[in-house]
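Novice: Below are the chains, spelled out letter by letter.
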Amino acid sequence: MPFDLQSPVRTIQAAADVPGPRPRRAPVGRAVAVALAVVLSAAALSTAGCRSGSGDAADAQAAGTGRAIQNKGSDTLVNLALAWAEAYRGVAPDVSIAVTGGGSGTGIAALVNGTVDIANASREMKDEEMAEARAKGMDPQEFVVAIDALAVVVHPSNPVDRLTVDQLADLFSGRATNWRDVGGRDAPVVLVSRETNSGTHVYFLEEVVRKGDADNPDIFAPQTLLMPSSVGITSEVQRNPNAIGYDGLGYVNPAHEKLVAVGRGGSAPYVVPSVASGADGSYPIARNLYMYTAHPPTGAIAAYLDWVRGPHGQRIVADLGFVPLPNGPDGAAP
Amino acid sequence: MTATPAESAVPPEPTAPPRAARSSRLLAERVIEAAIALAGVSTVVIVALIFLFLLRESTAAFLDVPLRQLMGTRWYPIEGLFGFLPLIAGSLVVTIGAVVIAVPLGLITAIYLGEIAPPSQREVLKPIIEVLAGIPSIVLGFVGWVALAPLVQQLGATTGLTALTGSLILAYMALPTIISISEDALYAVPKAYRDGALAIGATQWQTIWRVVLPAARSGIVIAVMLGIGRAIGETMAVMMVTGNAANIPALGPGLFLQPVRTMTATIAAEMGEVQRGSLHYSTLFAIGVVLFVITFGINYVAGRLIGASGGPRRRGQL
Amino acid sequence: MTRQQSHTLAVRAITAVSVLVIVPILLVIGYVVAHGIGTVDWTFLTQPPRDGMRAGGIMPALLGTLVLAAGTAVVTLPAGIGAAIFLAEYAGDNRMTRAVRLAIVNLAGIPSIVYGLFGLGAFVLFLRFGTSIVAGALTLGIMTLPVVISTAEEAIRAVPDQFRTVSLSLGATRWQTIRHHVLPHALPGILTGIILGLGRAAGETAPILFTVAAFYLPELPRSIFDQTMALPYHLYVISTQVPGMPLGMQYGTALVLLLLVLSMTLSATLIRTRMRRRREW
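Protein chains in written order, with the working numbering: chain A, 1 to 334; chain B, 1 to 318; chain C, 1 to 281.
Where hints are given, some of them may not hold.
Stated by the list, open to error - Pairwise CB distance ranges (calculated): (1) Asn178/A <-> Leu270/C: 53 to 61 Å; (2) Leu67/B <-> Pro241/A: 54 to 62 Å; (3) Leu92/B <-> Asn216/A: 30 to 38 Å.
Said to hold, decoys possible - So these bits of chain C aren't anywhere near chain A, every CB distance computed over 12 Å: (4) Thr15; (5) Ala214; (6) Ile238.
What the hints assert, rightly or not - Going by beta-carbon spacing under 8 Å, a handful of chain A positions derived as facing chain C: (7) Ala68; (8) Ile69; (9) Val91; (10) Leu259.
Hints were generated in silico from the structure; no laboratory data involved. Note that the structure is a prediction, hence the values are computed from the model and not measured. By construction, the Cβ of each residue, glycine as well, lies at the ideal position given by its N, Cα and C atoms.
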C-alpha cells in the first residue's frame with residue numbers, strides 16, 4: 001500500500017486515542033464480564049447436557065438397544081478389539097462397539113471415571129486403581145481374553161538365532177552393547193522398544209530386564225529407541241541389520257524379521273514363540289491380556305464378553321497371531 | 001457536521017437533537033464496538049489462560065519432584081525418574097541442526113527471490129514455498145519415516161532415526177518462515193542504498209553482500225529467531241523420525257547421527273497413556289511450561305526487535 | 001578473480017542453493033502423489049474403513065476433519081475478525097494495543113502440542129467437554145486465531161484511508177464506515193486469512209491428539225460432544241499403529257490430506273493474487 005495515501009484521518013485517530021482509553025475502558029470491562037458469564041453458563045449447560053446424555057445412554061444400554069459400547073485401552077489389544085467389534089456386528093447387528101486405543105492406563109482410568117464400559121489392559125489393574133474404583137462404589141471385574149507371547153525379533157541377516165533371558169537382560173539394560181557379546185557379529189546393538197508406559201514395555205521390563213525379580217533396579221538403556229507403536233518396532237527391525245526388538249506375536253511377521261528362540265537359561269531348551277508354545281507355557285515371555293468392566297456385566301456387555309471368550313472370539317485371537325485361551329473361557333497363561 | 005472517529009466513541013454530542021432511532025442505533029453501535037474491543041483483549045486473556053492452565057496442571061510436578069531430580073540425566077517416568085536434561089538436550093540438538101541447515105538455505109533463497117530472480121520466476125517460486133508451509137507436519141513425518149530415514153542410515157548411522165533426520169525435516173518446515181521474513185527484510189532496504197552502491201561501481205553481488213545484507217541485519221535476526229521458534233515446537237514429524245531415545249547425545253562428530261527424544265515428542269507420545277492426575281501427567285505439563293516459556297521468550301524478543309526496526313513488513317522508502 | 005567473475009560465481013551459487021530448497025518440496029509432493037494416486041478413488045473417499053482399517057476408505061476421518069474445520073471456523077471467525085478490526089481501526093498506540101500485539105505474536109509461536117495440552121486441561125477436563133468435537137474445535141480455533149487476525153488486519157489496513165475520510169465526512173459513524181466502506185473491500189483479504197488458518201488447522205495432529213481424535217469409530221459422531229476420527233490422526237494411526245497395513249492405504253491417506261490442505265493454501269494464494277490485480281486503487 002502506497003504510503004502517500006496516509007491521510008490525516010489516521011493521525012486524528014491516533015491523536016484521539018491517546019487521551020481516549022479511559023472512556024473506552026469501562027465498556028470493555030463490562031463486556032469482558034458479560035462474555036465470561038456467557039462462556040461459563042454455556043459450559044455449565046453443556047456439562048449438564050453431557051451428564052444427561054450419558055444417563056440416557058446408560059438406560060439405552062440397559063435396555064439392550066443400539067447404543068455403542070465404549071471400549072478403550074491397551075494399544076496391544078486395540079487391533080484385536082477392533083476385529084472383535086467388527087465381527088460382532090455380524091452376530092448382533094444392533095450392538096455397536098466403539099474402540100479406542102491409548103494404552104492400558106488410559107483405558108482403566110476411563111473405566112474408573114465412568115466414561116467407558118469395557119477397559120482393555122495388557123496388565124492387571126494396579127492395587128491403587130482397584131482402590132480408586134472401589135471408593136467410587138464400583139466392583140471391577142477382570143476377564144482374561146487372550147494370551148500374548150512377546151516375540152524377540154532381529155533382522156533376517158543377523159546370525160544370532162537364540163538368546164537366554166539373561167542375555168536379553170544384558171542387551172536391553174545396556175550391559176552388552178556389541179553383538180559379539182552374545183555370539184554375533186562385531187556390530188553395535190540397536191535396541192528398539194515400545195514407549196515406557198505401554199503394558200508391553202512394563203511387562204518386558206519386569207520379566208526380562210529384571211528377570212522377574214521385583215528388587216532388581218535395572219532399567220532399559222537410555223539409548224533404547226522408544227517407538228510410539230508396535231509397527232515402529234517391526235519396521236525398524238526390518239530395515240536395520242543391527243536392531244533387536246520385542247513385540248506381541250500378533251505384530252511380527254516371520255517373513256520379514258527373524259524370531260529369536262528364547263531360553264530360560266541353564267539346560268532349559270530354547271523355544272521359538274508360537275501360538276502353541278505360548279499356550280502350553282513353554283515359551284518364557286507370555287502374558288495375559290485383559291478386559292475390565294466396572295461392575296459384574298449384564299445385558300449386551302455380558303453377551304459380548306462371553307462371545308469374545310467363546311470359540312468364535314478366540315478363533316479371531318488366533319487369526320491375528322495372538323494366543324487363544326487354552327482351556328476354554330477360564331484358562332489363562334500359567 | 002463532521003464526525004471524527006473520536007466522537008463515535010463518546011456519548012452523542014449535546015448539540016445533536018436526541019432522536020430515539022439515532023440513540024438506539026448508537027447503543028447498538030457501542031455494543032458492537034465493545035465486542036470488537038473484547039475480541040482484541042481476548043487474545044491477551046487467551047495467552048494468560050494457556051499459561052495458567054499449564055501451571056495449574058503442572059503444580060504437582062514443580063512441588064513434589066525435587067528440582068535436582070528435574071535436572072537429572074535420566075527420563076524414565078514409570079520408575080519416577082523425571083530428568084528433563086535428555087529431553088532439553090534432544091530438542092536443542094535437533095533445533096540447532098535445523099537452524100544450521102535452514103538459515104543459510106533460507107537466507108540465500110531469499111536473496112535469490114528478492115535480488116536476482118526475474119519477476120516471472122518469482123511468481124512461480126513464491127507459491128511453491130508457500131505450499132511448503134502448507135504441507136501438514138504428519139505428511140512430512142510420514143515421508144521422513146518411509147523415505148528419508150533409510151537414506152540417513154546409509155550415511156553410517158547405527159539407525160536412520162536420528163537427530164539429523166529430524167533436523168532435515170524441521171529445516172524444511174522452518175524454511176518458509178525464514179525465507180518470507182528475510183525477503184521482507186531485504187525488500188525493506190531502501191532502493192537508494194542499492195543505487196548508491198551500483199553508481200560507485202560495485203557489482204550486484206558486492207552490493208548485496210556489502211550493503212543490502214548489513215542493512216537488513218535486524219530483519220534477518222528476526223527471521224532466524226522465528227525459524228528457531230517454529231523448529232523447537234514441532235511435534236509429530238519429529239516424533240516419527242528421531243528415534244525418541246531419552247539419551248543425552250554424546251558430543252563429537254557423530255552428534256547428529258544419534259537418536260534423541262525431544263520435549264514435544266515426549267508429551268505427544270506419553271500423554272495418551274498416562275494416568276490423569278498422576279505425577280507423570282503433571283510432569284508432562286511441566287514440559288509444556290518449559291516449551292511455553294522458551295517460545296514466549298523467543299517471540300517476545302523477536303517482537304521487540306520487530307518494533308525496534310519498524311517492522312520488516314514496512315516496505316522500504318527513504 | 002575479477003569482480004565480474006566473482007559476481008557470476010556468487011549468482012550461480014545462490015541459484016544453485018535455491019534449487020536445493022525448491023526441489024525437495026516438489027519431490028515430497030511428487031512422491032506422495034505418485035504412490036498414493038492409485039489408491040484414491042470415489043470408493044476410498046466415501047467408504048468407512050474395513051478389516052481393521054486395512055481396507056475400505058477414509059470417509060469418517062475425512063468427514064471428521066471437515067467438521068473440525070467448520071467448528072474451528074465458528075470459534076475463530078468472530079474473535080479473529082473482531083480483533084483484526086480492533087487493531088486496524090480502533091487501537092491507539094497505548095499499552096493495551098502493545099499487549100494485544102505481543103499476545104498475537106506469542107500465540108503464533110506457541111507449539112501446537114502445547115495447544116493440545118491447553119485443550120486437554122481447559123476444555124476436556126476443566127470444562128468437562130470430554131474428548132469431543134467441541135474441545136477439538138475450540139483448541140484448533142484458538143490456535144488459528146493469530147493467522148486470521150494478522151491477515152485480516154493487513155487486509156483492513158490496505159483499504160485506502162480516503163474511503164474512510166469520505167464516509168465519515170458524509171456523516172456516517174465510525175462503525176457504519178467500517179461496516180459499509182472498509183470491510184467489503186477487505187473481504188477477499190480476510191477470506192485469504194481464514195482459508196489459510198483453516199487449512200493449517202485441518203492438517204494439524206498434535207492439538208487433536210488428546211482433545212478429539214479417535215483411533216477408530218464404527219459410527220459417525222452424532223453430536224458435538226462425541227469424538228471423531230480425523231484425517232491427520234488417521235494417517236498417524238495407519239502408518240505407525242496398525243500392523244500389516246497396505247502401503248497404498250497410507251500413501252492414499254497422505255495424498256488426500258495433502259490435497260485437502262494444499263488446495264486450501266493454493267486457493268488462498270489465488271484469491272490474494274486476483275485481489276491484488278483487480279484492486280482499483
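Novice: If a hint holds in the structure, say so; if it doesn't, say that too.
Specialist: Against the structure, the hints:
At roughly 58 Å, the beta-carbon separation of asparagine 178/A and leucine 270/C lies within the given 53 to 61 Å, and the hint holds. The hinted range of 54 to 62 Å is not satisfied by leucine 67/B and proline 241/A, whose Cβ atoms lie roughly 43 Å apart. The hinted range of 30 to 38 Å is satisfied by leucine 92/B and asparagine 216/A, whose Cβ atoms lie roughly 33 Å apart. Once the 12 Å rule is applied to beta carbons, threonine 15/C is consistent with being away from chain A; the minimum gap is 31 Å.
With a least beta-carbon separation of about 5 Å from chain A, alanine 214/C fails to lie farther than 12 Å from that chain, contradicting its non-interface assignment. The non-interface label for isoleucine 238/C is inconsistent with chain A: the shortest C-beta to C-beta separation is roughly 9 Å, within 12 Å. Of the supplied interface hints, the one on alanine 68/A holds, with its beta-carbon coming within about 6 Å of a beta-carbon of chain C, less than 8 Å. Interface hint status for isoleucine 69/A: violated, as the beta-carbon distance to the closest one in chain C is roughly 10 Å, over 8 Å.
Hint on valine 91/A is violated. Least Cβ distance to chain C is approximately 14 Å, over the 8 Å limit. Annotation: interface hint on leucine 259/A violated; nearest CB of chain C at approximately 15 Å, more than 8 Å.
Comparing the model with each numbered hint stated earlier shows that hints 2, 5, 6, 8, 9 and 10 do not hold.
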